[in-house]
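So the protein lines, in turn, are chains F and B.
Read in order, the letters of the first sequence correspond to residues 1 to 324 in the UniProt record's numbering.
Read in order, the letters of the second sequence correspond to residues 1 to 324 in the UniProt record's numbering.
If you are wondering where the hints come from, they were derived from the structure by calculation, not from laboratory data.
Please read these numbers as outputs of a predicted model, since none were measured by experiment.
We put the CB at the ideal spot given by N, CA and C, even for glycine.
Just to be clear, a hint being listed does not mean it is correct.
Said to hold, decoys possible - Now the stretches of chain F that chain B is said to cover, found in silico as 3 or more residues with beta-carbon under 8 angstroms:
id, region
1, 237-244
2, 262-275
What the hints assert, rightly or not - No more than 30 angstroms apart at the CA atoms, straight line, and that leaves these computed lysine-lysine pairs for DSSO-like:
id, chain 1, residue 1, chain 2, residue 2
3, B, K72, F, K250
4, B, K21, F, K250
5, B, K250, F, K304
6, F, K250, B, K220
7, F, K188, B, K304
8, B, K188, B, K250
9, F, K21, B, K250
10, F, K21, B, K21
11, B, K250, F, K22
12, B, K72, B, K22
13, F, K21, F, K250
14, B, K220, B, K316
15, B, K250, F, K250
16, B, K316, F, K316
17, F, K120, F, K72
18, B, K220, B, K22
19, B, K188, B, K22
20, F, K22, F, K220
21, F, K304, B, K120
22, F, K72, F, K22
23, B, K220, B, K72
24, F, K316, F, K188
25, B, K250, B, K21
26, B, K316, F, K250
27, B, K22, B, K304
28, B, K304, F, K304
29, F, K250, F, K22
30, F, K188, F, K304
31, F, K21, F, K120
32, F, K21, F, K188
33, F, K220, B, K72
There are 2 protein chains.
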Amino acid sequence: MNTPITARAHTNIALIKYWGKKNAELIIPTTSSLSLTLDQFYTDTTVVFDEQLTHDELSLNDTLITDNTLTKTTAFLDLVRQMAGIDTFARINSINHVPTAAGLASSASGFAALAAASSKAAGLDLDRQALSRLARRGSGSASRSIFGGFAEWVAGEDDFTSYAHPIQENVTMDIQMLTVVLDGSQKKIGSRQGMQHAIATSPFYNTWVAESAVDLVAMKQAIANNDFQTLGELAEHNALQMHSLNFTAKPAFTYFNGYTLSILNLVQDLRRQGIQAYATMDAGPNVKIISQSDATQVICAAIKNNFPNAGIEVAKPGPGISYL
Amino acid sequence: MNTPITARAHTNIALIKYWGKKNAELIIPTTSSLSLTLDQFYTDTTVVFDEQLTHDELSLNDTLITDNTLTKTTAFLDLVRQMAGIDTFARINSINHVPTAAGLASSASGFAALAAASSKAAGLDLDRQALSRLARRGSGSASRSIFGGFAEWVAGEDDFTSYAHPIQENVTMDIQMLTVVLDGSQKKIGSRQGMQHAIATSPFYNTWVAESAVDLVAMKQAIANNDFQTLGELAEHNALQMHSLNFTAKPAFTYFNGYTLSILNLVQDLRRQGIQAYATMDAGPNVKIISQSDATQVICAAIKNNFPNAGIEVAKPGPGISYL
Numbered sequence: 001m002n003t004p005i006t007a008r009a010h011t012n013i014a015l016i017k018y019w020g021k022k023n024a025e026l027i028i029p030t031t032s033s034l035s036l037t038l039d040q041f042y043t044d045t046t047v048v049f050d051e052q053l054t055h056d057e058l059s060l061n062d063t064l065i066t067d068n069t070l071t072k073t074t075a076f077l078d079l080v081r082q083m084a085g086i087d088t089f090a091r092i093n094s095i096n097h098v099p100t101a102a103g104l105a106s107s108a109s110g111f112a113a114l115a116a117a118s119s120k121a122a123g124l125d126l127d128r129q130a131l132s133r134l135a136r137r138g139s140g141s142a143s144r145s146i147f148g149g150f151a152e153w154v155a156g157e158d159d160f161t162s163y164a165h166p167i168q169e170n171v172t173m174d175i176q177m178l179t180v181v182l183d184g185s186q187k188k189i190g191s192r193q194g195m196q197h198a199i200a201t202s203p204f205y206n207t208w209v210a211e212s213a214v215d216l217v218a219m220k221q222a223i224a225n226n227d228f229q230t231l232g233e234l235a236e237h238n239a240l241q242m243h244s245l246n247f248t249a250k251p252a253f254t255y256f257n258g259y260t261l262s263i264l265n266l267v268q269d270l271r272r273q274g275i276q277a278y279a280t281m282d283a284g285p286n287v288k289i290i291s292q293s294d295a296t297q298v299i300c301a302a303i304k305n306n307f308p309n310a311g312i313e314v315a316k317p318g319p320g321i322s323y324l
Numbered sequence: 001m002n003t004p005i006t007a008r009a010h011t012n013i014a015l016i017k018y019w020g021k022k023n024a025e026l027i028i029p030t031t032s033s034l035s036l037t038l039d040q041f042y043t044d045t046t047v048v049f050d051e052q053l054t055h056d057e058l059s060l061n062d063t064l065i066t067d068n069t070l071t072k073t074t075a076f077l078d079l080v081r082q083m084a085g086i087d088t089f090a091r092i093n094s095i096n097h098v099p100t101a102a103g104l105a106s107s108a109s110g111f112a113a114l115a116a117a118s119s120k121a122a123g124l125d126l127d128r129q130a131l132s133r134l135a136r137r138g139s140g141s142a143s144r145s146i147f148g149g150f151a152e153w154v155a156g157e158d159d160f161t162s163y164a165h166p167i168q169e170n171v172t173m174d175i176q177m178l179t180v181v182l183d184g185s186q187k188k189i190g191s192r193q194g195m196q197h198a199i200a201t202s203p204f205y206n207t208w209v210a211e212s213a214v215d216l217v218a219m220k221q222a223i224a225n226n227d228f229q230t231l232g233e234l235a236e237h238n239a240l241q242m243h244s245l246n247f248t249a250k251p252a253f254t255y256f257n258g259y260t261l262s263i264l265n266l267v268q269d270l271r272r273q274g275i276q277a278y279a280t281m282d283a284g285p286n287v288k289i290i291s292q293s294d295a296t297q298v299i300c301a302a303i304k305n306n307f308p309n310a311g312i313e314v315a316k317p318g319p320g321i322s323y324l
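Please build the complete structure, drawing on both the sequences and the hints.
Have a look at this one:
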């Protein structure tokens, strides 16, 4: 206690998506999911519990935060305080090395880093499974950012059985994600709201749950086999299934915009030319292109040729949480 | 015989889509569908059977055709010759008043006009149900273009039971379709090939068949109630369901491009502003906006504001086939 603890956690992008909760309070998902943690994007968070404080104090990228991000953070720290049996408030300093416009999930790295730093600062000594369960309470995808490389979040049935575990922390496959940034606007529909609406109204939702389980088994096999092509095909198929839930919700909504489809078509055109590139998208318009290192140049050239102003971020497999 | 017969048929746009056959040779669909015939776009076709001819002769928009459009036309005329008990070849002159780039189904008006003109020229006197069955053999959607206004193509089980019938030929509702032409390129994947691939590989296909039946009942009720909003919501939902089958096929394909999503988002934004506009899309990138006459100006202005070069075609409910 009273010693500042700093933890670093990296973002992850799901190859088998998480899209829907069976328990919204505990964040127990309807399906298991699988992601790749990325090296380029991470959050460093320092937490100190300080008896002088009369409430939690949060700064994000050196700016003091008082909006509902603070409310969410305090709710999360209440869980930590409960586990540690303390009632002290905390000072949290978080630096996000994630381009906020990129549609990369900063909540995944953010809550993973917060779980690691705050639990240790509160005097708890949690193993990674317990950290994953704790991070999950802040943001579902954060459960996976505890681990490096390929990680699976097992849906489970309750707070105790829903956590991520590593599938392959030191990735042997040549794999990278190119994030194509064409639209920096904020998403109109948050992912929490979006997934709840899809569960409630898409006629395809039950089929998605069943198919997702099949895709997950095949994805783990593809990782074990170092089979990049199968991994890419499964990831693109799974992402398009997830977004089809939104297209078929009542009323329909979508995170796709014109740029999304332009890049998706470009990726599918590249494949017709023999270049292995696959698309995945999350709760925002920007597309991530799953590819291998020898294809970077030709993919970037094709994008720049069509969209001279596109920003392209190249990320490789990244590590799990660490303390700095 | 030997008397030229000219028939006119109008295009139609499906509000409840046709996407898949249970019998490819006879064109028996997996689902019933429902469309609106449009006034603006039509095909005039003249047929004369002439014993001087040694093969069928086809001209389209005053150009002699010798490619596989002629092969399809001859195969269609073989059905007519069989019904009429003749073996004479025909001269066919077809003028398409459908902007070919607009993604409006010229095969629907084309085969409906051909069915009407060729059967009468061959000496047959078919009622509209028989004409609808015949037109279906050329192109499934042509079965609906025999009728004006709202028409339903009942899937049926075989050649005899699969035909369209009118739901409301003289449309009482204020309804129109704005076709937004932004992309004039040819579709990469024909609809026959696309729907077969979706049936064979989309995990959502069976659910689509079941949902489509539910949507159809609701759509007929909306027409009977003059309920434009429900009609629009159902049509957009049904179209997005159909396109989700393509997004979730293995491998995935799509008729959407960047323009498609830009216009879809624009339509959904207009609704948030209280303007009743709904999108529907077929086997091409251009979007049709289902709307009412008092909204034309604001919708067109919104499109032109974003896409100054967009072509916009406004179509109202149109009539069934006629002889000229």
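- Going through the earlier hints one by one, which of them does the structure break, listed in rising order? 3, 10, 16, 21, 23, 27 and 33
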